[in-house]
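Participant: Residue numbers (this note's numbering), protein chains in the order written: chain A, 1 to 250; chain B, 1 to 283; chain C, 1 to 294.
Since the hints were made in silico from the structure, they are not lab data.
Treat the hints with care, since some could be wrong.
Straight-line alpha carbon distances no greater than 20 Å define the calculated EDC-like cross-link-like pairs of lysine to aspartate or glutamate that follow [said to hold, decoys possible]:
hint	chain 1	residue 1	chain 2	residue 2
1	C	K15	B	E94
2	A	K85	A	D74
3	B	K184	C	D7
4	A	K85	B	E2
5	A	K85	C	E179
6	C	K193	B	E7
7	A	K146	A	E134
8	C	K15	B	D110
9	A	K146	C	E290
10	C	K193	B	E8
11	C	K193	A	D102
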Amino acid sequence: MSHISIRELHVSYDGHPALKNITVDIPDRQITAIIGPSGCGKTTLLRCCNRLIDLTDGAHVSGQVLIDGVNILDPAVDIILLRKKMGFLAQRPYPLPMSIYDNVAYGPRLHGVRDRRQLDQIVTRCLQATNLWEEVEHRLRSSAAKLSVGQQQRLCLARALAVDPEVLLGDEPTSALDPLSAQQVEKRLIELKGEYTIVLVTHILRQAKRLADYVIFLYLGELIEHGPAAEVFTHPRHTLTRAYLGGEVS
Amino acid sequence: MEARRLEEAFFRGLMALSLLLVVASLASVLAIVLLKGLPSLTWEMVTQLPRGGYYLGKSGGILNAIVGSLWLGLGATAAALLLSLPLVCYLQREYGGASRLAYLTRLSLDVMWGIPSIVYGAFGFALMLYLGLRASLLGGIITLTFVELPIMARAIHEVVKMVPPDLKEASYALGATRLETSSKVVWRYALPGVFTAILLAFGRGIGDAAAVLFTAGYTDYLSRSLTEPVASLPLAVFFQINTPFPRVQERAYASAAILLAIVLLLSLPSRWLVRRWEAHLPR
Amino acid sequence: MPRQWRDRLAALMMKGLALACVALALSISIALLAKSWPVLSACGLRQLLLGSSWHPRQGAFGCYPFLIGTLWVSGLAMALSIPICLLCALYLSEHARSRLRAAAKPMLDLLAGIPSVVFGLWGMLAVVPVVRWLGWRAGVATTGYSVLAGGVVLAIMVFPIIISVAEEVLRKVPLEAREASLALGATRWQTTKHVVVRAALPGIIAAIILGFTRAFGETMAVLMVVGNVARLPRSLFDPAYPLPALIANNYGEMMSVPRYDAALMFAALMLLAVVLGFNIMAALVLRALERRLA
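When you get a sec, could you build the whole thing from the sequences and use the hints?
Facilitator: Set out below in C-alpha cells:
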C-alpha cells in the first residue's frame, strides 16, 4: 500500500530544471532511502512532500504529490495540517531558542494542546522514544542550545514526533553528527519504522544499505531506478545505478 | 484553526500598515517642508546677505548661513576624517585590536555616539571658555567634530571589519608592513564605505543646531576667519521662524527647504556611486 | 630600515590617538561635573533633582519639572514608536520581497538624515495644529504646543534607528529556525512570534535602547513644538520643558546670573548620566539575555 504517490513531478529553480517527471510510489511504514550523487534533486523531492519548497524563491513546481489520495500541491490544501502529518529532520539540527521541554512542546502547543499534564505526557513519551529521556529529564527547563549536536538532532526527532505525524522526512539527518550519535539516530529510525513511514535522503550508501527497505535512485533530476532495497542493491537493472553503487559515479 | 488564520492575517495587515505609516511620515515631512518652502525660495535668498532689517521683513538673503554651514561642515568633517581613519586602523587586530586600550576606545566611541549634541554644545562651550575662545567658526568646527567623530568612526569601522582577512594575509605574505597593508589594500577596499561615512557625517554636521548654538555664534556677514562668529542654516531657520513677521517666517521655510535639499543631494547620489564603486571590488 | 620605522611610528601615533579618544570621553564627564560643581555644592543634588521651583535670579534651580518633562516626551515617543518600528521591521524581514526591502533602505536613510530643525518646522506646521484640534474636540484648552506634539515628532525621528537595527538583527536569525518551526505546522505569524523574535530579542532590545537614548537627547525639534513651560505636565495636551530645550533656550542669559551656567551644565550632566546609564543597562541586559537564550 502506498502512502505517498508522486505523479509527474517537475521542479525547476529560476528556469533550471531540478526534477524531471518523477513518478513513484513510496511504500507505507517502511524506510525509503532516496539516493544519488549530490545536486541531483534528492532534497528537492523531499521538500516537495511537506511543501517546504514553497519557501524557496523562484521554485516552480508542477505535477502531483498525493498523500492518502489528496494532491498536496494544490494551493487549496491546508498546509498546516499537511505539515503536521509530515515530520521533518533537517541536516543540521536546529533547536528552537527555548528550553528542552518547550522545544518538544512547541508543536503540540501550536496545534492547540494546552493541558499541562497532556503536554508533560507528550514530552516524556517523545523524549523516551528518541532515547533522550534519561539524559535530559533533570534539566528539561534548561536551554536546548546547551545540548551536544547528537543530542540536538535527537531532540529535533522528538520534536517532530510530538505532533503525531504519519510520515517522517529526513534530509541527510546524520551527516552533521559524529559516528556514535549517527548510530543512535539510525537505531531510533529503525525502531520507529513500524509506526511511521520514513523517507530519508542520504548520500552515504552504507547508511542506505543499513536502513532502507525501499530505494529510489535519482540522477541529475531524473528517476533512474526504484524498488525494494534487496533488489536494487544486489541486482540493479540500470547501468547508471550499477555505476553509482559501484562507486564509479559519486 | 480559523483563529490562527485570522491572527496571521490581522498581524500581517498591521505590519503592512506600520510600514505605510513610516513611509507616509517621510512623505509628509518632505512634502510639507518643500511645498511651503519652495514658493518662497528666491534667487535673492541664496545669493545675498541679510540687509539691515532683514529679520523685520526687508530684503536680503541667507548666503551667510549657507556659506557658514558649508564651512562648518567641511571643517568638522575633514577633522573627523583625519581622526577616524587612524583610530579605526588601530582597532584592527594586527594593531591594538585585542588590547585593553582598543576595548576602551571602542567603548568610548560607543558612548560618544550616544551623547546628545546639546551636551557636546555645552562641553564645547566650556572648552572654549577654558581656551579663551569666543563663539566662532573654530569653536563650531571643534564642537561639530566631536559630534561627527563617533558617527564617522563607527561607519568606517563597520566597513573595515568586513575586509576579508585573506586579502590582508596576501599583502603580508608579500612582505608588506601593517601600515602599507592598511594604507594600500584595506583603504582601497573600504573606500566606498568611507565615502558614505563622509557624506553621512557631513549631512549630520550641517543639520545640527544644538552643537553650534553656543559655540559658533551667529552673524549676518560672511565670516572671514576662524575666530569670527559664523552663521549656520539650522540656526537661520530657527531664528527666522521665531519672528512674528509672516514674510520672515516664509523665508524660514525656504531656508529649511535649502537645508533639506543639501542633505538630500548628499545622500541620494552617494548610494548610486557606492554601488558602482563596489562593482570593481574583488569578492 | 625606514619602512619599519614608518610602520612603528604610525602605530605609535595611532595608539596616542586612541588614548586621546578615551581621554576625550572621560574629559567630557569631568568637565561637565566640574562646571556644575558651583550649583551642586550650593544647592545639593537632592534639591536640584527634586526641587520644583526654577527661578534662577533667586537662586532656585529645581530641575524636577524638566526631568519629568523629558521623561514624558521621550516616554510617549517610545510608546508610539516601539510597536510601529517592530511591526515594520518584522514586515521587512519576514514578508517583504527583496525589491521592497531594497526600496525601504534609502527611505529609512533619508528619514535618518533629515535635520532636527526641519522636523521641528514640520511639527509646527503639521502636528501642532492637529493637536490643537484634538484638544478642542476633547474639550481641553491647548495651544497645540504640548507633550503630544513633542512625542509624535520625536517618535518619527527615532523610526529609522530602531527599524534598521531591528531589521538587521531579525535577518540574522538563520533560515533553519523558521523552517524548523514551519515544518511542525506553524503559521508564519506563529513562527515569527515564537521563534524569530525570541532568537533576535537581545538585538531588538538593543535597538530600543538605542532609540531611547536618541529620543532623550534630541533638542531642536522638540524645543519647537513642546511649549517650553516650566511646569509639570498633567496631561498629554499640556506643554513641557525637556532638559535639552532648557539648555538651548537659556544659554544666552546664563552668564549674567550667578550659577545659572553651572545649573545648565548640570542639566547637560544629567543628560550625559542618563545616556551612560542606558548604555550600561543595555550592555548588562544583553549579556544576561544572551546567556539565557544561548
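Participant: Given the hint that K193 (chain C) pairs with D102 (chain A), test it: the Cα-Cα distance must not exceed 20 Å.
Facilitator: holds, 14 Å
Participant: Is the Cα-Cα distance between K85 (chain A) and D74 (chain A) 20 Å or less?
Facilitator: holds, 16 Å
Participant: Checking one constraint from the list: CA of K193 (chain C) to CA of E8 (chain B), max 20 Å. Satisfied?
Facilitator: Holds - the C-alpha atoms of E8 (chain B) and K193 (chain C) are around 10 Å apart, at most 20 Å.
Participant: Assess, step by step, whether the Cα of K146 (chain A) is no farther than 20 Å from the Cα of E134 (chain A), and give holds or violated.
Facilitator: holds, 16 Å
Participant: Compare the distance between the alpha carbons of K146 (chain A) and E290 (chain C) with 20 Å, and conclude whether the hinted pair is satisfied.
Facilitator: holds, 13 Å
Participant: Run the distance test for K15 (chain C) versus D110 (chain B): straight-line Cα separation, threshold 20 Å.
Facilitator: holds, 18 Å
Participant: Take a quick look at whether K193 (chain C) and E7 (chain B) sit within 20 Å of each other, Cα to Cα.
Facilitator: Judged against 20 Å, a Cα distance of about 11 Å means the pair holds.
Participant: Hey, K85 (chain A) versus E2 (chain B), does the alpha-carbon distance stay inside 20 Å?
Facilitator: holds, 18 Å
Participant: Within 20 Å, alpha carbon to alpha carbon, are K184 (chain B) and D7 (chain C)?
Facilitator: holds, 13 Å
Participant: Holds or violated: K85 (chain A) with E179 (chain C), Cα cutoff 20 Å?
Facilitator: With a Cα-Cα distance of about 15 Å, the restraint between K85 (chain A) and E179 (chain C) holds, given a limit of 20 Å.
Participant: K15 (chain C) and E94 (chain B): Cα distance at most 20 Å?
Facilitator: holds, 13 Å
The earlier numbered hints are all upheld by this structure, with none contradicted.
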